[in-house]
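Number of protein chains: 4
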Amino acid sequence: MAGSIYGTLFRVSTWGESHGKGIGVVIDGCPAGLSLDEEDIQRYLDRRKPGQSRFTTARQEGDQVEILSGVFEGKTTGTPIALEVRNTDQRSHDYSNIMDVYRPGHADFTFDQKYGFRDYRGGGRSSGRETIGRVAAGAVAAKLLERLGVRVFAYTSAIGPVSIDRSRMEISKMWENRLYMPDDIAAKEAESYLEDMMARRDSCGGVVECVIEGLPAGVGESVFDKLDAALAKAMMSIGAVKGVEIGDGFEAAVSTGSQNNDSFCIDSAGHPAKRTNHSGGVLGGMSDSSPVVIRAAFKPTPSIAQPQSTVDRSGKEREIEIHGRHDPIIVPRAVVVAEAMAALTAADLLLMSMTSRLDRMEEFFERMRRK
Amino acid sequence: MAGSIYGTLFRVSTWGESHGKGIGVVIDGCPAGLSLDEEDIQRYLDRRKPGQSRFTTARQEGDQVEILSGVFEGKTTGTPIALEVRNTDQRSHDYSNIMDVYRPGHADFTFDQKYGFRDYRGGGRSSGRETIGRVAAGAVAAKLLERLGVRVFAYTSAIGPVSIDRSRMEISKMWENRLYMPDDIAAKEAESYLEDMMARRDSCGGVVECVIEGLPAGVGESVFDKLDAALAKAMMSIGAVKGVEIGDGFEAAVSTGSQNNDSFCIDSAGHPAKRTNHSGGVLGGMSDSSPVVIRAAFKPTPSIAQPQSTVDRSGKEREIEIHGRHDPIIVPRAVVVAEAMAALTAADLLLMSMTSRLDRMEEFFERMRRK
Amino acid sequence: MAGSIYGTLFRVSTWGESHGKGIGVVIDGCPAGLSLDEEDIQRYLDRRKPGQSRFTTARQEGDQVEILSGVFEGKTTGTPIALEVRNTDQRSHDYSNIMDVYRPGHADFTFDQKYGFRDYRGGGRSSGRETIGRVAAGAVAAKLLERLGVRVFAYTSAIGPVSIDRSRMEISKMWENRLYMPDDIAAKEAESYLEDMMARRDSCGGVVECVIEGLPAGVGESVFDKLDAALAKAMMSIGAVKGVEIGDGFEAAVSTGSQNNDSFCIDSAGHPAKRTNHSGGVLGGMSDSSPVVIRAAFKPTPSIAQPQSTVDRSGKEREIEIHGRHDPIIVPRAVVVAEAMAALTAADLLLMSMTSRLDRMEEFFERMRRK
Amino acid sequence: MAGSIYGTLFRVSTWGESHGKGIGVVIDGCPAGLSLDEEDIQRYLDRRKPGQSRFTTARQEGDQVEILSGVFEGKTTGTPIALEVRNTDQRSHDYSNIMDVYRPGHADFTFDQKYGFRDYRGGGRSSGRETIGRVAAGAVAAKLLERLGVRVFAYTSAIGPVSIDRSRMEISKMWENRLYMPDDIAAKEAESYLEDMMARRDSCGGVVECVIEGLPAGVGESVFDKLDAALAKAMMSIGAVKGVEIGDGFEAAVSTGSQNNDSFCIDSAGHPAKRTNHSGGVLGGMSDSSPVVIRAAFKPTPSIAQPQSTVDRSGKEREIEIHGRHDPIIVPRAVVVAEAMAALTAADLLLMSMTSRLDRMEEFFERMRRK
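Protein chains in written order, with our numbering: chain A, 194 to 564; chain B, 194 to 564; chain C, 194 to 564; chain D, 194 to 564.
Some hints here could point you the wrong way.
The list cannot tell twin chains apart, which means a pair is met if one copy fits it or any two copies do.
To be verified - Derived SDA-like pairs (lysine to any residue); straight-line CA-CA distance at most 25 Å:
1) K336 x P500
2) K381 x A466
3) K214 x I260
4) K509 x Y313
5) K336 x G315
6) K336 x R562
7) K214 x R344
8) K366 x D233
9) K564 x W368
10) K214 x E232
11) K336 x E406
12) K214 x E231
13) K214 x R279
14) K242 x I364
15) K336 x V404
16) K336 x E259
17) K336 x D239
18) K214 x G255
Simulated from the structure, these hints should not be mistaken for laboratory data.
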């Protein structure tokens, strides 16, 4: 198992390397009848494209998606949806300086150990381009969720030491800056921090926050396949993520029960609700009908233009300098990746939640038979 | 899918509720030939037992494990290993005050929404007793790992605001205090913090740190089934965990590439090694041969002896007071649970790593056929 | 993976050996709200018990099932249902004559090769007693299916060369003879054939036929997880099964398109129906609303009281005689096993079928939210 | 789950419809280091192409495969291998006569019921073209198996009532006739039977036999994931297959224990062997080191040029005539499909068999660490 398949009912199988012929994904398990065209997916892919600002690489990558199967007359058919993005940049580069050397912070060493072998062209499968498959599939999951009343969105909540100020935060503002920060003052500060990083030929990390709204209560399977557990895996599977939090996260560890417990109340519509959301929308591993809030910490881009000590395949210590343009930060382009992973996870568990109660199933099949 | 099955090759299926007849687990996929007796498992279970200190509930739970299958003449047979702990405390309690009321911070509300139904006896499946199945299976995984050169251990790294001091830390010290903190000064401080919490009828959270040593490089499947992603799910699936970190975790988000990248060097044995371990032993989702370091943040125990606002099943706002003895902190008893989940995850991915390279497989089958 | 877990949404995990402490199963994914007690399961287990007639072994096995979890106040809770049957016959037998010898037709040799090791006590996990876990779980699946309008039943269609005559067949007749044949004339003939076998210290095989009625059209997942494919695996996974057919089976291979195609018509209720059922209720791997008909061919019991040539563990040729009472035929006791496997398979795919269409899902979640 | 993913460790995810843009497959879990080029796959695809004889459709389908990922410098990298065949025939046909009508023996009705929707263009996903993905992936599995000492092959053993004569059978002969029958006399007879079918505008079925040689003993997981159970599912998942047998299959049901048991002996190389192979190479669900023999019965092609009674989507009875050229028999083109499914199944279970014994695993990891 190479680990490139995700999900149980809404399953995706991604493929492709940085400098191979293309990148793609097959979605197995999307219900029939969902309107879907290439533009639905392209919108998501465009958000992860490089070259959007001076903090992201200037390479022009087309990343045009093509739907190859599973859609007929504008609607999903229930059979596998194959999505493909052909790589346009397959020119042969000069990799001689990194070919036999393990770049610090990259997967070069571990890939070589695992596979006896390494695709040195731009990282191969460990490249950030791998996420194209996730984002394309996530776009479909998001569209499905929307039809079922669930909305997923993500934004940058911190760039290095610069965090958004929640008192100022407005989600719509994230579209007004290239860092996808929903706080324009923080965004400006972050930009100048990034300029500084670039000047120092260094890189930095940051935090992406993701919100899932509208999940009915009870989504998530108890014990191992809890909603928060599944989301944690989803986020941590994104290259460069080193930490994940739900709700108050690590803050909860220094809180007290009396502060951290969210009291229940009856809302204006007469439904049970919580007065606060320290839990981040999850209780006992199941959605509690408050917004699900998840945060992912990204490490700094490992490719930096400073000399670094390392070793090569033959077991000799070496110094390396990584040339070429590299983003000083991954986070802005990763926002849509986190959103996609949350959408894939939520869709899968939402589908799974349909079979938890016999009364709902009886009704479902009775109605189906009556038609 | 109720979510109680974990793993792909080393699979465990847990069952049981707090006040039912018992708790247990079936392990499917443990290789044949591992020496195993009940004592191997009991040692782990005893570490999660309550009543070990004045900070854990005084209930006397026997929690004696019985091996029902899969072991013959002292060794595993390769077929399913069924482990069972009968509940000794099944007396009928008086649940009338919580039966119809959703306790804040508990899974009562979400269980009821999901299943149309709720086992009010001590939380049923959402009780901490559910972890008995994990720990019993984890003991077997740990024994298997040990035979394959891998060691897993965990300890308390923080209780509320009291963290261990890494300059003072000595792993062996964790056995000298009831909080499993490898720093006796911090342990004392934490004890007095806990006394304070109890006096205020409040509770607190904390952090468990877990280390996996001896994993060969390359364990973990690229893209979705990365080692760190699998560990994140493993930890977050433990009730009360709200955050997970690998290596520097959230600190990495405020670091820079030049600081966060671990330089490679050649160690005294002539093998590639890393000078630092900011990565927490994982690069590109695969073990990099440094120790794997993971941290889990636990929220405060939700059961507190203070009045709390909540709602009941009929949709009325209510006040609730939770009686009975409850741990002011979950963390010390959760240390072995985190260790068990790490062992289960590492064992599963270690088995899976055997099929990544044709050259190793060819050798394997040639040797098998020769015998 | 030891292969003892079955299903995707309705998952069962079986365990236990012939002469260990017990046999059991954990069901993960049974919806909440199903009435269930031990008697529901015992009824099924009693059908596979030996000692029911002079053609089955006289050993008295109690096989009393105990529900250990997942049922509260008489209804399933949605969490794992653990079922257990303790072995009552654990006396030490004398296995010295078979301990080191591979019995022809048994799994002794292959178990030893796979696990380096063999549980010689009554076959261990490869014993027919392994099916207790399947039958217990199947009883739960059958009860669930019944609530959803689906009925599964099985019967003996042939004993050695004696087949039922379909013109005479009456299902209710199967309960009137110990061979579970729905044709009393054939049953009598089969009985005298079996007497003859016993006199010759030989054994014979037979065929079990299983029918699933009431499945809505469209159950089964296209391509690999087809209904018929899943049923074929289910049946072939029963020890001693060597062939499986759906509908006309091998007869279809010698038929012609004009004969084998089932014409559609509109039935008296105004619904599409088929005039014939050569397809056995499956078209394109999905239920077509006709009864699903599956047949499984069982080989003769391998344990026979005649001398047989074989080899031992040390690589020497030997002669073996298998002592003790053994059924001259497996089939009558296997009828309920086939039924159980069909029920488990149908339940799993029925649950899965709920997510095939967006329109049905939209309706489902709208109704859920409204409540 | 749409059911288009197959396998646990060697997993394939197929996609594509008859008249969409293409057909393909992603292989996740092929070990790194296997030499692989497009020609390896094309050879298999060419065997399932139509237009090879006057009994198969004359459509010229190019079916040129392209490797899009997972291969670098001529060897597999351990990451997903994406294979794609673009459809060349996407011309718009006139489907008006079948668009709203359910063809007898086809999946039109069940697809419509399941998905609320039907791709009437050549059957969409239920078309025989779906098998391109299986065959392409099977070619890779076969190459992997070959490197590990395992050989899979298949041939036609019967066309309608014409079976091969085993006393005359020579495998190499199968390449000398277009029906892939390893008996040229039977092949000639079958050809004239087929001519007769065509003259009568009818179709017929047949049987494919598949052999797996060289599997070490012990491959297959006990209880549910037995080798024979997995193969049965593999075969039955091929459209048109209605029956599956291992070894003597249904003949075993009319045999006796004394005839059907295969005696063990010591072969000339000093290894345990079986004197006969009634078991078809499988005992207790595990390979017994004899050749694994499996047979699949195919129903007659449902598309026949005779008028047939059926119903349409609006619930009216109709008569239908299916125009266009259709194979009077599926079997010859299905031989390679059966072979591919056997190879996929054997590869998956062979990989899985590596983790059954601790002693072998200890040796494996010790050798890995030493290097």
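> Which numbered conditions among the earlier hints are violated in the structure presented, ordered from lowest to highest?
Replying inline: 1, 2, 5, 7 and 9
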